[in-house]
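Just so you know, the protein sequences line up as chains A and B, in that order. The numbering used here puts the first sequence at residues 385 to 796. The numbering used here puts the second sequence at residues 385 to 796.
Possibly wrong hints are sitting among the right ones.
The list cannot tell twin chains apart, which means a pair is met if one copy fits it or any two copies do.
30 Å max Cα-Cα, derived DSS-like pairs, lysine-lysine [unchecked claim]:
1) Lys408 - Lys576
2) Lys404 - Lys430
3) Lys573 - Lys707
4) Lys487 - Lys707
5) Lys416 - Lys608
6) Lys408 - Lys430
7) Lys748 - Lys594
8) Lys707 - Lys408
9) Lys608 - Lys594
10) Lys487 - Lys777
11) Lys430 - Lys707
12) Lys761 - Lys404
13) Lys707 - Lys576
14) Lys594 - Lys487
15) Lys573 - Lys794
Note that these hints are calculated values from the structure, not bench results. Quick caveat, the model's predicted, so the values are computed rather than measured.
Number of protein chains: 2
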Amino acid sequence: MPVLVMKFGGTSVATLDRIKRAAKRVGVEVAKGYDVIVIVSAMSGKTNELVGWVNETSPMYDAREYDAVVSSGENVTAGLMALTLQEMDVPARSWQGWQVPVKTTSSHSAARIEEIPTENIMGRFEQGMRVAVVAGFQGVSPEGRITTLGRGGSDTTAVAFAAAFGAERCDIYTDVDGVYTTDPRICEKARKLDRIAFEEMLELASLGAKVLQTRSVELAMRYKVRLRVLSSFEEQSDEAGTLVCDEDEIMESNVVAGVAHSRDEAKMTLLSVADRPGIAATIFTALSDANVNVDMIVQNISEEGRTDMTFSCPTDQVARADKALAAAKADGVLNFSELVADTNVCKVSVVGIGMRSHTGVAAKMFRVLSDEAINIKVITTSEIKISVLIDRKYMELAVQALHDAFELDKAG
Amino acid sequence: MPVLVMKFGGTSVATLDRIKRAAKRVGVEVAKGYDVIVIVSAMSGKTNELVGWVNETSPMYDAREYDAVVSSGENVTAGLMALTLQEMDVPARSWQGWQVPVKTTSSHSAARIEEIPTENIMGRFEQGMRVAVVAGFQGVSPEGRITTLGRGGSDTTAVAFAAAFGAERCDIYTDVDGVYTTDPRICEKARKLDRIAFEEMLELASLGAKVLQTRSVELAMRYKVRLRVLSSFEEQSDEAGTLVCDEDEIMESNVVAGVAHSRDEAKMTLLSVADRPGIAATIFTALSDANVNVDMIVQNISEEGRTDMTFSCPTDQVARADKALAAAKADGVLNFSELVADTNVCKVSVVGIGMRSHTGVAAKMFRVLSDEAINIKVITTSEIKISVLIDRKYMELAVQALHDAFELDKAG
Numbered sequence: 385m386p387v388l389v390m391k392f393g394g395t396s397v398a399t400l401d402r403i404k405r406a407a408k409r410v411g412v413e414v415a416k417g418y419d420v421i422v423i424v425s426a427m428s429g430k431t432n433e434l435v436g437w438v439n440e441t442s443p444m445y446d447a448r449e450y451d452a453v454v455s456s457g458e459n460v461t462a463g464l465m466a467l468t469l470q471e472m473d474v475p476a477r478s479w480q481g482w483q484v485p486v487k488t489t490s491s492h493s494a495a496r497i498e499e500i501p502t503e504n505i506m507g508r509f510e511q512g513m514r515v516a517v518v519a520g521f522q523g524v525s526p527e528g529r530i531t532t533l534g535r536g537g538s539d540t541t542a543v544a545f546a547a548a549f550g551a552e553r554c555d556i557y558t559d560v561d562g563v564y565t566t567d568p569r570i571c572e573k574a575r576k577l578d579r580i581a582f583e584e585m586l587e588l589a590s591l592g593a594k595v596l597q598t599r600s601v602e603l604a605m606r607y608k609v610r611l612r613v614l615s616s617f618e619e620q621s622d623e624a625g626t627l628v629c630d631e632d633e634i635m636e637s638n639v640v641a642g643v644a645h646s647r648d649e650a651k652m653t654l655l656s657v658a659d660r661p662g663i664a665a666t667i668f669t670a671l672s673d674a675n676v677n678v679d680m681i682v683q684n685i686s687e688e689g690r691t692d693m694t695f696s697c698p699t700d701q702v703a704r705a706d707k708a709l710a711a712a713k714a715d716g717v718l719n720f721s722e723l724v725a726d727t728n729v730c731k732v733s734v735v736g737i738g739m740r741s742h743t744g745v746a747a748k749m750f751r752v753l754s755d756e757a758i759n760i761k762v763i764t765t766s767e768i769k770i771s772v773l774i775d776r777k778y779m780e781l782a783v784q785a786l787h788d789a790f791e792l793d794k795a796g
Numbered sequence: 385m386p387v388l389v390m391k392f393g394g395t396s397v398a399t400l401d402r403i404k405r406a407a408k409r410v411g412v413e414v415a416k417g418y419d420v421i422v423i424v425s426a427m428s429g430k431t432n433e434l435v436g437w438v439n440e441t442s443p444m445y446d447a448r449e450y451d452a453v454v455s456s457g458e459n460v461t462a463g464l465m466a467l468t469l470q471e472m473d474v475p476a477r478s479w480q481g482w483q484v485p486v487k488t489t490s491s492h493s494a495a496r497i498e499e500i501p502t503e504n505i506m507g508r509f510e511q512g513m514r515v516a517v518v519a520g521f522q523g524v525s526p527e528g529r530i531t532t533l534g535r536g537g538s539d540t541t542a543v544a545f546a547a548a549f550g551a552e553r554c555d556i557y558t559d560v561d562g563v564y565t566t567d568p569r570i571c572e573k574a575r576k577l578d579r580i581a582f583e584e585m586l587e588l589a590s591l592g593a594k595v596l597q598t599r600s601v602e603l604a605m606r607y608k609v610r611l612r613v614l615s616s617f618e619e620q621s622d623e624a625g626t627l628v629c630d631e632d633e634i635m636e637s638n639v640v641a642g643v644a645h646s647r648d649e650a651k652m653t654l655l656s657v658a659d660r661p662g663i664a665a666t667i668f669t670a671l672s673d674a675n676v677n678v679d680m681i682v683q684n685i686s687e688e689g690r691t692d693m694t695f696s697c698p699t700d701q702v703a704r705a706d707k708a709l710a711a712a713k714a715d716g717v718l719n720f721s722e723l724v725a726d727t728n729v730c731k732v733s734v735v736g737i738g739m740r741s742h743t744g745v746a747a748k749m750f751r752v753l754s755d756e757a758i759n760i761k762v763i764t765t766s767e768i769k770i771s772v773l774i775d776r777k778y779m780e781l782a783v784q785a786l787h788d789a790f791e792l793d794k795a796g
């Protein structure tokens with residue numbers, strides 16, 4: 385029988401009633417003939433409680449013990465979900481990470497899945513079991529210790545299972561009903577997308593549309609796992625939610641799929657840097673060593689052997705960046721006159737695979753912002769994305785104007 | 385280095401502060417030179433919460449899923465205890481049942497420990513680890529599924545580890561400071577015992593002195609594990625609490641060690657039973673099949689081929705006993721005129737290994753009760769125990785009178 389993976393996040397299993405509701409959705413898919421692998425998160429609030437205890441006990445905690453403690457929330461939900469399904473006469477059992485086993489690296493609290501053997505669960509499917517409920521977010525290291533995949537890791541667990549079992553689809557049940565052309569809280573014309581390409585979703589996810597964890601989308605793209613994002617709080621049809629899939633499955637689409645924004649960006653400029661070969665490497669190695677996530681990078685034209693170097697990073701990493709660059713200057717490996725931080729900026733991006741074949745998207749974007757008298761501070765582009773840094777106070781205006789201009793309220 | 389097992393119950397690890405307090409006790413033993421195995425229960429209330437969820441989800445639950453859910457509480461405490469010890473610079477790590485592995489039978493929710501391999505933990509002790517924190521109450525079945533040992537199972541886990549590792553002693557930290565000659569709430573002269581023999585403790589435990597689980601005492605007796613019961617809420621010396629040990633270690637002692645009582649007893653009498661061979665087997669097989677825990681059994685002298693058969697069982701099993709015997713009568717396998725239940729009784733017992741060599745204990749007990757005008761309804765005796773059923777209203781009086789008569793307020 386075809387395999388379907390269904391993942392339920394913390395709010396979807398927050399109470400026994402919600403677990404029952406989720407189990408009914410699983411029952412619907414079983415009735416259609418699927419063997420189902422259900423991936424569950426901890427009941428919402430539980431993981432935070434456990435993390436709080438660990439932090440209070442030991443601020444510089446041993447990550448192996450952290451993993452042993454925080455993984456327990458998913459185990460509870462997995463057992464309760466299996467029991468709920470059994471009450472509905474659906475043959476089901478729970479698996480904890482080490483039982484499958486979900487083999488991961490030893491990077492505790494941030495482990496990567498290396499292998500998911502399928503014999504165990506497939507054997508049970510062949511014997512008539514219809515649902516395998518698996519505790520998400522966790523695995524087991526080569527040393528036999530419990531690992532966790534990092535926050536939001538249950539999405540990654542779901543996609544990895546879908547890939548390993550050759551699932552027809554991986555349905556991610558969450559508290560939103562799909563992926564939107566932009567943030568509906570900012571732009572009331574925001575429209576739910578029926579389909580979106582992996583690449584587009586990846587750009588949107590990393591740009592702050594927090595529907596899916598970036599890692600899980602990357603994994604889905606690599607293994608061509610069709611992902612569906614849908615709400616666990618509404619009655620669902622087969623066409624509900626948003627399907628994240630290969631671009632080949634998307635027949636017609638707008639050139640631009642969506643407008644993303646990110647509020648917590650800072651623009652940092654190093655003034656009068658000595659312009660010599662290797663200088664960029666020096667700067668960004670220092671930042672990388674200090675765990676600063678650099679996003680955009682722009683280098684101005686050089687004058688008299690000096691240049692200005694601009695980059696952006698999350699607002700809460702400004703102090704760290706400052707310290708790392710000051711240290712590099714003190715060590716004599718880097719020479720600049722001043723580091724200027726502008727924390728009053730935001731990033732707005734338009735994303736769409738149609739840009740590959742359509743020209744003029746960038747020109748149109750700049751024209752729209754210019755018509756609204758919004759000054760562009762930094763520009764970067766990729767094959768399917770154009771991003772600009774602008775003053776934060778213009779963020780809503782920019783998003784709404786771009787959404788209108790690219791007619792995102794109309795289906796492509 | 386010698387190994388010490390320390391077990392902390394739910395109230396002793398109910399909060400992060402109490403876990404810290406318990407960890408300090410562990411630190412004291414480590415400083416003395418012990419390698420310590422710490423067995424922890426779930427934080428108090430947690431297991432009840434989980435059991436409640438399981439029961440609400442599925443009243444006739446799959447015990448395998450029950451075990452997977454309810455075992456999670458101990459995992460949390462084990463990780464937090466290991467982190468607390470690490471914060472105190474005591475090298476420690478946590479083990480879940482399957483990691484040791486604590487190999488049990490497949491009787492989910494009531495599994496028995498079959499084997500505890502020691503290489504894994506001993507190897508870590510040899511490498512310098514000083515404390516192994518083990519989640520109590522749980523193990524793993526031959527099928528690789530999580531099992532639990534039944535309520536109070538953490539005491540059993542502790543004794544089993546002490547036996548497997550040849551520990552010098554197994555300290556059970558709880559919310560009472562030791563074993564008393566009788567219930568201090570009933571008799572203010574009750575005195576804490578410094579030492580008590582396994583056999584005596586076993587009789588007291590099964591008679592309702594709820595300090596230690598009966599199973600754990602049986603196991604300790606079989607493997608000669610010295611058990612110490614002491615409070616986690618007081619500063620402790622090496623001589624604190626009560627040592628449960630082999631009688632050879634008890635030099636001088638009272639003939640009677642303690643007076644036990646049990647409030648929830650019912651006396652059931654089958655009137656005019658046909659007295660033929662096999663009739664007792666028929667009656668008690670029917671009761672056993674209905675899961676009635678029969679305690680005392682008395683058969684009266686037979687007259688004209690009929691006899692009366694009296695037995696006692698817990699009050700809340702009277703209805704079940706009634707039903708089972710009525711069914712046997714309806715089936716024609718049993719013939720009696722009437723079943724009379726008296727639920728207004730209680731059991732009072734005197735226990736002491738000294739009875740083996742001292743005569744007259746029973747006579748003295750009956751005389752004391754008679755002097756207080758207390759009527760004895762049923763009597764049973766074992767080598768080291770004499771129990772009587774009496775009217776419940778006389779329970780306190782009987783306990784106090786016996787405690788005085790056997791001078792239990794004075795050390796032997």
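Right, here's what the structure says about each hint:
no.	hint	result
1	Lys408 - Lys576	within (25 Å within a copy, 57 Å between copies)
2	Lys404 - Lys430	both (18 Å within a copy, 22 Å between copies)
3	Lys573 - Lys707	neither (43 Å within a copy, 69 Å between copies)
4	Lys487 - Lys707	neither (38 Å within a copy, 53 Å between copies)
5	Lys416 - Lys608	within (23 Å within a copy, 59 Å between copies)
6	Lys408 - Lys430	both (23 Å within a copy, 28 Å between copies)
7	Lys748 - Lys594	within (27 Å within a copy, 79 Å between copies)
8	Lys707 - Lys408	neither (53 Å within a copy, 39 Å between copies)
9	Lys608 - Lys594	within (21 Å within a copy, 59 Å between copies)
10	Lys487 - Lys777	neither (47 Å within a copy, 63 Å between copies)
11	Lys430 - Lys707	neither (36 Å within a copy, 44 Å between copies)
12	Lys761 - Lys404	neither (51 Å within a copy, 53 Å between copies)
13	Lys707 - Lys576	neither (43 Å within a copy, 63 Å between copies)
14	Lys594 - Lys487	within (27 Å within a copy, 43 Å between copies)
15	Lys573 - Lys794	within (9 Å within a copy, 86 Å between copies)
Hint violations for this structure: numbers 3, 4, 8, 10, 11, 12 and 13, all remaining hints satisfied.
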